[in-house]
Amino acid sequence: MAEVVVAPIEVKPSEPWFGKNEKKLINDPLHIDNPITVQVLGVCSALAVTTMVKPALIMGISVALVTGFSNLVISLIRNGIPKQIRMIVQLVVIAVLVTIVEQVLKAFSFDVWKQLSVFIGLIITNCIVMGRLEAFAMANKPWPSFLDGIGNGLGYAWILVAIAAIREFFGRGAILGYKILGPSSEFLINTKSSSLLSWYQPNGLMVLPASAMLLITIIIWIQRSKEAKLVDIS
Amino acid sequence: MDLLNIFIKSAFIENMILAYFIGMCSFLAVSKSVKTAIGLGAAVIFVLAITVPINWAISELILGPNGIFKTDLTFLRFILFIASIAATVQLVEMAVEKYSPSLYNALGIFLPLITVNCAILGAALFMVAREYTFTESVVYGVGSGFGWLIAIVLMAAIREKMRYSQVPAPLRGLGMAFLLTAFLGIGFMSLMGINPATYFANH
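Line by line, the protein sequences give chains A and B. Residues in the first sequence are numbered consecutively from 1, following this note's numbering. Residues in the second sequence are numbered consecutively from 1, following this note's numbering.
Just chain B, same shape as in the assembly (with noise of 0.2 Å):
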């Protein structure tokens, strides 16, 4: 119950892009169509779920003061983090270019800017803060990439009815997909202060 609580609060309440409004540059750009937002949400979700345990991992038992070298050495954090971060999405940038060629070609430059794409360094920061163990970490991670997909899948779809309404010229594209962002961001705010463990036990 535990673990669907985090699972549960970090895709919908404490949604990544649309309660915290993080890793917004790739979701902007990427969330044109809906097969490419799912080929690229599938990225993150695949990015998060490896990188935010190895991440528990350098914290804990190389960083921390339990650690092998008996210090607190976190100002060393950001590096390592983004090491890991880099090297991760280089093997994922690899893989996609030899299997899947067609979605390497759809994702282009954003593909490497996973790298920087705040919500995975994001993600990684909060469960240091939040101070998960390791399998609390694998369950958030999974989720807050879950809740990213979801994100950027309802914006595809939502950009891809827009494609047929009669938008104002200089709205069209970009200028919509940030006015939608700002409502559906409001819309997720209904949702901020549910607690699904209170939920669950009173229904």
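Chain A with its partners taken away, still in its complex shape (with noise of 0.2 Å):
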């Protein structure tokens, strides 16, 4: 279930910058070896920002961004980190590169970086980003590390997006912040701009971090019943 240790890639300076080993770093993170729901990893803020869909939209993506640029600059002096203090040496890259993903957010999208800030400090603790450092960045060369980072962000964004989207559709009856169902507060002043879709009443169990969980078991045995050799037969 959570073997993550990746083979090291052999990849020959004649081959192509995006070869077909290339593509598969980047694609297999999206489904077959997605981050949370084969590795499970970085399950936690999954929980915890995936109740609208804005804010996983961007966590998401500050996440990809971390573990691409992480992994990219943990390779490039891979070969120099003492093995006892690798740990603090990959902590203090990622928590750089966590306080420039906060400062630009604060800079440019300050609501959003309000909403998140908590989350935000705590992609240092996400495990996707140091799981992968181990994992592959201190055995592949930069640029499949690189690629490898940002795949696996990838696969755990699209997880969080739907995820969030689900849980903002069904929870409160929107999505991206714009009411689709249920009764709005416009409908109780002013019945001309009710919907036809008014009759809905919002899912409280949605908004609740444990239906994140049946969400991700949803999707885990979706994935599996589609992928015979993903099942666990321990």
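These are calculated hints, taken from the structure and not from any lab test. A virtual CB, placed ideally from N, CA and C, is assigned to each residue, including glycine.
Quick look at which bits of chain A chain B covers, simulated, 3 or more residues with Cβ under 8 Å:
| hint | segment |
| --- | --- |
| 1 | 80 to 89 |
| 2 | 126 to 135 |
In silico DSSO-like pairs for lysine-lysine, Cα to Cα no more than 30 Å straight-line:
| hint | chain 1 | residue 1 | chain 2 | residue 2 |
| --- | --- | --- | --- | --- |
| 3 | A | 23 | A | 229 |
| 4 | A | 83 | B | 35 |
| 5 | B | 70 | A | 114 |
| 6 | A | 83 | B | 98 |
| 7 | A | 226 | B | 161 |
| 8 | B | 161 | A | 229 |
| 9 | A | 141 | A | 23 |
| 10 | B | 35 | A | 229 |
| 11 | A | 24 | A | 83 |
| 12 | A | 106 | A | 179 |
| 13 | A | 106 | B | 70 |
| 14 | A | 114 | B | 9 |
| 15 | A | 141 | A | 83 |
One side of the interface only, derived from the structure: several residues of chain A facing chain B at Cβ under 10 Å:
| hint | residue |
| --- | --- |
| 16 | 95 |
| 17 | 96 |
| 18 | 98 |
| 19 | 220 |
Mind assembling these two chains? They're in different frames, but the hints should get you there.
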């Protein structure tokens, strides 16, 4: 289940920059080697930021950038890191990148930064970032490592956005903040603006963190019934 | 009574995993057998009991406005907290590798991942947010570690039993773990809102 160790991928210098191996590095984490549903890394924030789509989207992009660039940096300096202090070196690199992401968000998108502030900090402790550094970047060249990081970040992001979309739609009757289902406040004041779908009563269960677990269970169920080789036989 | 109150609250009512869903990664991956779960749980208690007071000292004596620099340096909190946690975990890893190689092999990548276990950093941040004193922070660290141990052992025990049940093939293992966590979480929600202090006063 949690076999995150990936065999080093041989890239010969004559190979193209974006050949078959590189495509595999991006595609695999999206589906067959997904960080959340297969590798079980980075689940904490999947529960906390997925009540609405917008923070989930920004969180996903931030994580993809941090995993990509931390993999790149660590892979560049991998031969100079003593084994005994590798975790501290890795964490300092991650913490610096997360601080950059946080400052950029604060400058360009202040309201989202306010909404996410704690969880942007918790990217440092997101298992995906460190998991990929330990399992891939410490043993591979910079370019494949960068692609592996971006791929895993995107694999994480799409699960996050999918869960957030379902939770926001059924829990609040909205997508990206636009109300679609359910009785709106305008409806109570002015009957003309009521939609055909105003009969819907928002589902309180979808607002609880436990609902994210249930949704991930459903995603795993669907994925594994399609991909027989992912089924846990132990 | 106050310290006991903090202990019970952090272990059961505000359980890191089942109430806040913090520290899930290693919880899901290492809860396959009770033995490994107890090993990792003990390691988490140990790390929390050390790092929460250390981080208390860092935030009070170095980063706070009354610290040695006499300036508010709280923006450095994340980096310093994570550095002290990483150093502690590295020490624990070396000790485990030396004294218990079987536990070291069983824990595998999840021992270094204690560093990035959200529960450790989360406990440090909660400790700052709730303005605990030094003694309270020690009790809080041990208590939330104990709560983590209870949750992971509970989960491992259920999963060991699950091995003999007829689970649909795609849900076996990880899928069932997620489902069980969701139900355990809903179960622990019934503890929310209980205040041990008033409970002991009334009984």
